[in-house]
Every structure is written in C-alpha cells, then in structure tokens.
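Novice: Start from the sequences, fold in the hints, and give me the full structure.
Residue numbers (my numbering), protein chains in the order written: chain P, 1194 to 1538; chain E, 1194 to 1538.
These aren't lab readings, by the way, just hints derived from the structure by calculation. Treat the hints loosely; a few may be bogus.
Identical copies look the same in the list; a pair holds intra-copy or inter-copy alike.
Calculated lysine-lysine pairs in the DSSO-like style (CA-CA distance at most 27 Å, straight line) [stated by the list, open to error]:
(1) Lys1419 with Lys1258
(2) Lys1258 with Lys1207
(3) Lys1419 with Lys1207
(4) Lys1416 with Lys1207
(5) Lys1285 with Lys1419
Here is what each chain is made of, one letter per residue.
2 protein chains.
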Amino acid sequence: MSKILINDLLAIDKPIIQAPMAGVQGSELAIAVSEAGGLGSLPCAMLTPEALVNALTQLCESTTKPYNVNFFCHTSPIPNLEIEQRWQASLKPYYDQLGLSLNDIADGSGRRPFDADTLALLNDFRPSVVSFHFGLPDEALVDQLRSWGTKILSSATTLEEALWLEERGVDAVIAQGLEAGGHRGMFLTEDLSTQSGLFALLPQCVDALSIPVIAAGGIANPKAVKAAMALGAAGVQVGTSYLLCPEATTSAVHRQALSGAEPHTALTNLFSGRPARGIVNRVMRELGPLGDAVPAFPLATAAIAPLRAAAEAQSSSDFSPLWAGQNRSGCQAIPAAEITHWLMS
Amino acid sequence: MSKILINDLLAIDKPIIQAPMAGVQGSELAIAVSEAGGLGSLPCAMLTPEALVNALTQLCESTTKPYNVNFFCHTSPIPNLEIEQRWQASLKPYYDQLGLSLNDIADGSGRRPFDADTLALLNDFRPSVVSFHFGLPDEALVDQLRSWGTKILSSATTLEEALWLEERGVDAVIAQGLEAGGHRGMFLTEDLSTQSGLFALLPQCVDALSIPVIAAGGIANPKAVKAAMALGAAGVQVGTSYLLCPEATTSAVHRQALSGAEPHTALTNLFSGRPARGIVNRVMRELGPLGDAVPAFPLATAAIAPLRAAAEAQSSSDFSPLWAGQNRSGCQAIPAAEITHWLMS
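Specialist: Structure below.
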C-alpha cells in the first residue's frame, strides 16, 4: 500500500510503538512513551486480574494520550506428565546445585490467554489500541473490542500470517523480523526456518497488504527508523532500546547482561515452551537453547522459576530469560521519553 | 563511518555488486552487470583451472569495466570414513529409489580453496576486485593481490567477523544478513544462533568499522537499496533477484522452484556440508535441513551429486540445491542490465 503513517490511525504524534515486554515493564514505561508522543504499551500476559486493573487505572490517571494494551492469545495446553517429568529430570542437577527441591515447583503457568473475563475487565477502560501476540482471540471478543472503537493490532512473522490477520480485519499488522527480542509471534507454523529477517519480511508484507505494516526487529536507532520507512513501514515497534530506561522494571541481572560481554542472542524455548530471543546464558548454553523435552507454552515456565529465583538472589543470570533483540546498540540508561525523541531525530 | 559509496573505491557507476553465485552463473551474467554500471562477479569456487582461465578470458574480451572475481577460502578437510559411511547410508534409500549405486559417487569435492596456484592463474588478468567467502586466504596471497592494485572484499556474518576482516586490511566488508541465499560466509564460529538479520547486523558494522560496509541479504527492490543506504551501507550486494535473468545459467528445476509455490527457504548443510540458504525441497524436508551426519564442507557434495543428476534428468528438484534468499519478490526473467537499472530507480 502507499505509505501512510500510523499516526492518524492510532492518534499519536510519532509513529513509534514501544513494544510490550512482559516481565520487564509495567505501566510506568507505557506512560512515559505515550506522554512523549509515541504509543506506550502495557504487556498483560503475566498480570493477575487485580494487577491488570491496577495497571490500567494507573495508566488512565497518568496520561490522556492513547496507549496500547497487549495480550497473548495462545490456546492453553493440556499438561503432559511424561514431558513434564523429562523436563524436570533435565533440570534436576541444577536443583541439586542450588539446594532446591522439585517439590518447590508451583502449579499454574503464569500466562493467561485473552478471554471473556479479560474483556470484561477492559470494559471500564476501553483502551484505544489492543495488540495481540500469537494470532487473534475468538472473533466475538475482537468484535466487542472493535465496538468500543479500539484499534486491533497483531504480529506476523511470515507473509502467510500477515495475510491471515488482514483477512480477519486487524487495523495494522506488526511485521516481526527474526531480529526481534522476546517471543516469536508465530502462530500458523512451528517451523523456525520460516522465520525471516526484517529486510525480507517487511517489503513482502507492504507489497501484499492493503493495511498499514509496522516494522519490528532490530530497530535500534534513528537510521533504522528511516530505513524501515524506506521499506514502506507505516511505523515501527521498538523494544530492546527501552530495556535500560529507568521506567522499565528490568531486573539487575538483566540490565547487567544487556550491558555485558556476551555478544549474541539466540532463540530459546527453555523459559516458556515457545521460541523467544534472549541473550545466551548458562542454561541455554548447557541444555542447548532449543530443547525437545520442553513442556508446551507456557507450562515450561513453572519448573525453571525456582532456579531463576534462587540464582537471581545470588545476582546470577544463569536461569533468567534475558530477552533482547539482535541489536542492543540502542540500549541507553536514559528516560524513555528521550529514547522516543532520539529515535525520531 | 560517514556514508561514502563504493563507487569510487571500485570504479563503478552504481553501488550494486552482483553476488557471485557458484553453479548458477558464469561470466555472461558478470559481464552484463558490469556493462550496466554495477560490479559483476565471477564465482570461481567450482571452476577447474581451465574453466577459470576461459571465464576470465571471456570477461576481459567482453568488457573493459571492472569486475569481481570470487573465491572460497575454506581449509580443505580430512575425509572421515565413518561420517562418510553414515552419510551414504542415510542417502541409500534414495539411491535405491532412483536405481543408482553408491559406487557411482565420484571422488573429489568439486570446490577448491584459493591458493598459490589460483593466484598464478590470476596473474595474467589482475582483476580489479577479488572477493572472498569464509574469511581470507594466507596473508602472502592477499598481499600479492594487493600489489596489483586489486581491491579486496570479504563477507562478515557477525560484528566479530567484520572487525577481524577490517584488522586484516580488506577494502570493504560485505555484511551478510541471515536473509541471504547460498552459503553463510561465517568463519569465526559454526554456531548458527550467532547469525543476524541485516537490520541488526548492518548498522552495528557501520558504527564499528572505519571502512565501507556493503549490505547483503534480502535486498530485492529499489526501496530495499534505499533502506540499506539509510542504515549506512556504502553499497549493496544482490544475488537472488538475478537468478531468473537469461544471462544466468540457473537450471530449469531451479528456475521453476524460484517461481513456484513453496513459500519458504531454510538453511541447509545437506548439499555441501556448510549451512546455505535454499528453497525447501524433498531431501531437506525428509532428512531435516541441518544434519549431524553430514561430511565436512565441501565433501558432502559428492554423495548427493548422483541423486541430483538423476532427479534433474526427470525434471525433479528433489535433490538440487535451490539457493535463494528470503525475498524472491525481485526475481524477474529480464536481462541483468534491466535488473541493475531497476534496483537504482
């Protein structure tokens, strides 16, 4: 399609969406970016209903600007005892090392898909933008959001996914290049070889779709914003560059890793069951970043959580998901508003 | 570094290098691109000494413009009988299906690294540009090339490789994004998780290096050329978009696959022993694109060659390396000069 920026569609000044990053940010980062003229995002996948209401209340009280509320829409898996036991067995040596017991593993996955209950909670807030990861929820739920005037975004990692989303009426598609940090938004395939660099994915989506395409993955400085626009993007979604901002809740070990010597990231399913990009750490190195014996998303999280907590208490990032994209050069420990202004400079 | 195009460095009109593509082109494609004002490339890795001299003679007779001569500079491996036998055993069912015998496997790898003999052959031609894949050959050989005024290029797939090449005095680095077709130029690591999309790799190289950086991978239309320049590239290297040109020697099955329905490419080591990007075909699907039991580069080629020949004789691409990048949208069956002009339009 012809190049129309997302500014009008989303009623924002700058065509920059701060990527929702569950676990490393709450409403404070979203507020800062929205106030700076971009679109701040609240990641809700890991929030309890109470936490979600609190975060939304804080957002509403702190900004009159538009913001984005992000949800996962995976299908909750049926637990598989055999895979769970194999997974726990592979982690057992680490439990022993850290003086932990497998009995410490809590029930529950910690990540809820978007459902009718979530929709009901949103009713009081009626956010102007809702974005989804892993496809879209049931059509009736999306229709209800639309009836509020809410704009719907979702991520595509292949041209097929982008076309699928357009067919279902999303207002814009986020083309998530392989460079992006965090979870791959893939939902029509589990084959990682289908995942494409942004230079290949973005122009193909722009050519094939008649709705705006937002570029994500590896965008870490003003030149990259201009390059994405040159490729036809209507806006950009930036995550990694915000991770060191004071408004982010990025943990100390995560901040250290972002500034550290480990040169590269990898896709790993060890932390959740789905492939996500993070800085290579001990557990990824020792088990291999992509395991076969890993429970389905999001069940894998439960057994690694005690290891993570114990290690982080010793200032170790050995078992932490250190989500980051392939270009960390934009990470700066400065206010999110400054990052937002800088990206457009 | 500041944005200086490669035009002056390489004495060309357009900052476009036609990617050397062994097996699918000879001098004809290189001549067409050089005559159109870009830098045509002759891939020499699979040429016998006679064929190399013939191709260079044809180049010299057909154009007075600069051209690039490309070599691999891998270390030839010591054959491992056990791995070779496991590899042949995994291919045996296909041999049976096609009525072939494992005795049909020819000796020899078919790919020679650049060495003193190659240098001696080049002496009569003294090409203005030589590019390498998989690092650089011995320093003495490179020094000899330099003494002729030849400019030296090589590919980097990580920032570390780019810095390594700059330290050794190359004139420009080709930043090969993960989107690129054909062999990954990686040489300091075998870990595929280090491989980066162009959006992440290119700006990091541009920021860190003081020599020009040429962008490669997924560049398939004029917008992508502009985007690469916006990211600081001094030029672009384009391969896939030239594959359907009449001047290319791309096989019929390869041309068909490029125009066909299979939506995606993958990295595979089945055809040579090193990871290279090609369109997914039967042998990649059935054996998995990346095998453990594959002989070291370039020895894997020998055992798959008879299968390829027999299948291609039946117009089947089941065992052919269908090299292609992640963006095939630029492939057009038009003269290479037109592709070259179009990319700069």
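Novice: Starting from the hint list further up, note which numbers the structure goes against and sort them upward.
Specialist: When the structure is compared with the hints, only number 5 turns out to be violated.
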